[in-house]
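Chains as they are written, first to last, in the working numbering: chain A, 1 to 117; chain B, 1001 to 1110.
These are computed hints drawn from the structure, not numbers from a lab.
Beta carbons: idealized from backbone N, C-alpha and C, even for Gly.
Hints may be right or wrong, so weigh each one.
[Stated by the list, open to error] Capping the alpha-carbon separation at 20 Å, the derived lysine to any residue pairs in SDA-like fashion look like this:
id, chain 1, residue 1, chain 2, residue 2
1, A, Lys20, A, Pro8
2, A, Lys20, A, Leu117
3, A, Lys41, B, Asp1083
4, A, Lys41, B, Pro1010
5, A, Lys41, B, Arg1041
6, A, Lys41, B, Val1108
7, B, Lys1002, A, Gly61
8, B, Lys1042, A, Val11
9, B, Lys1042, A, Ser90
[What the hints assert, rightly or not] A partial selection of chain A residues facing chain B, derived with a Cβ cut-off under 8 Å:
id, residue
10, Gln42
11, Ser43
12, Val105
13, Phe108
14, Gly109
15, Gly111
Spelled out from the first residue to the last, the chains are:
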Amino acid sequence: GAVVSQHPSWVICKSGTSVKIECRSLDFQATTMFWYRQFPKQSLMLMATSNEGSKATYEQGVEKDKFLINHASLTLSTLTVTSAHPEDSSFYICSADTFDSGANVLTFGAGSRLTVL
Amino acid sequence: QKEVEQDPGPLSVPEGAIVSLNCTYSNSAFQYFMWYRQYSRKGPELLMYTYSSGNKEDGRFTAQVDKSSKYISLFIRDSQPSDSATYLCAMSPTGNQFYFGTGTSLTVIP
Chain A
1 GAVVSQHPSW VICKSGTSVK IECRSLDFQA TTMFWYRQFP KQSLMLMATS NEGSKATYEQ
61 GVEKDKFLIN HASLTLSTLT VTSAHPEDSS FYICSADTFD SGANVLTFGA GSRLTVL
Chain B
1001 QKEVEQDPGP LSVPEGAIVS LNCTYSNSAF QYFMWYRQYS RKGPELLMYT YSSGNKEDGR
1061 FTAQVDKSSK YISLFIRDSQ PSDSATYLCA MSPTGNQFYF GTGTSLTVIP
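Modelling step: build the complete structure from the supplied sequences, incorporating the hints.
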């Protein structure tokens, strides 16, 4: 089946620095990828929809200058958390829209745990 | 009212028990229904999906959709400690927008 690879799985950074998270679709092309944020024991919160070759669509309340999304190719989308602060510490998960036996489903990456000191 | 409602639990059962997980929804346009399993500190993995109403079985897992009641269920038979995880239901009207429940935390006790 479709595989989405996300890297790094865990990153620790100092406050004020920027962190880039990569999301790659393996063996398939993903014109659309989604970025989610998940707080402990809470559900997934959609941050933005990333479209290859165009600007990402951000959900209400998500700062586009804070969370930069680039979808430069059909297999790679990146999320950059700029000038990270401790409140940005969270679990970030990407997913790609895939077609599985007649239905559109989401295939998720393994997630990236960001800790900002 | 949330689009998708799911009891967060936690749910604790003995090994071998039958587990029933449920979600309700309000949008009658939902046609695609999915269940994801998420282990701690991992991304969700797709367990099952169903299009429209009906049942679908895969090994120990059975997914049911009742569109008239706007209610979906996931049954796990002969539950195992390895089934301990958070289970998320997800739904979509068109396959382009996905709406998630809050997840139910399940622990299967050996």
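Hint A:Phe108 vs chain B: min CB-CB distance below 8 Å?
This hint holds: A:Phe108 lies near chain B, its Cβ roughly 4 Å from the closest one there, short of 8 Å.
For the hint on A:Gly111, does the least C-beta distance to chain B fall short of 8 Å?
4 Å, holds
20 Å Cα cutoff - pair A:Lys20, A:Pro8
Answer holds: A:Lys20 to A:Pro8 is near 9 Å, not above 20 Å.
Would the hint on A:Ser43 be counted as holding, given a Cβ-Cβ threshold of 8 Å to chain B?
At 4 Å from the nearest chain B Cβ, A:Ser43 passes the 8 Å test, so the hint holds.
Given the proposed pairing of A:Lys41 with B:Pro1010, does the C-alpha separation stay at or below 20 Å?
With a Cα-Cα distance of about 10 Å, the restraint between A:Lys41 and B:Pro1010 holds, given a limit of 20 Å.
Below or equal to 20 Å on CA atoms is what counts here, so check B:Lys1002 against A:Gly61.
18 Å, holds
Does the interface hint hold: is A:Val105 within less than 8 Å of chain B, judged Cβ to Cβ?
5 Å, holds
Distance restraint between B:Lys1042 and A:Val11, which requires alpha-carbon spacing of 20 Å or less
14 Å, holds
Hint consistency between A:Lys20 and A:Leu117 [alpha-carbon to alpha-carbon, up to 20 Å]:
16 Å, holds
Restraint status (C-alpha distance of A:Lys41 to B:Asp1083 at most 20 Å)
17 Å, holds
Straight-line alpha-carbon gap A:Lys41 to B:Val1108, limit 20 Å:
18 Å, holds
Next item in the hint list is A:Gln42. Is there a CB on chain B closer than 8 Å to its CB?
OK, holds: A:Gln42 within 8 Å of chain B, min 7 Å.
Hint compliance for this structure: no hint is broken.
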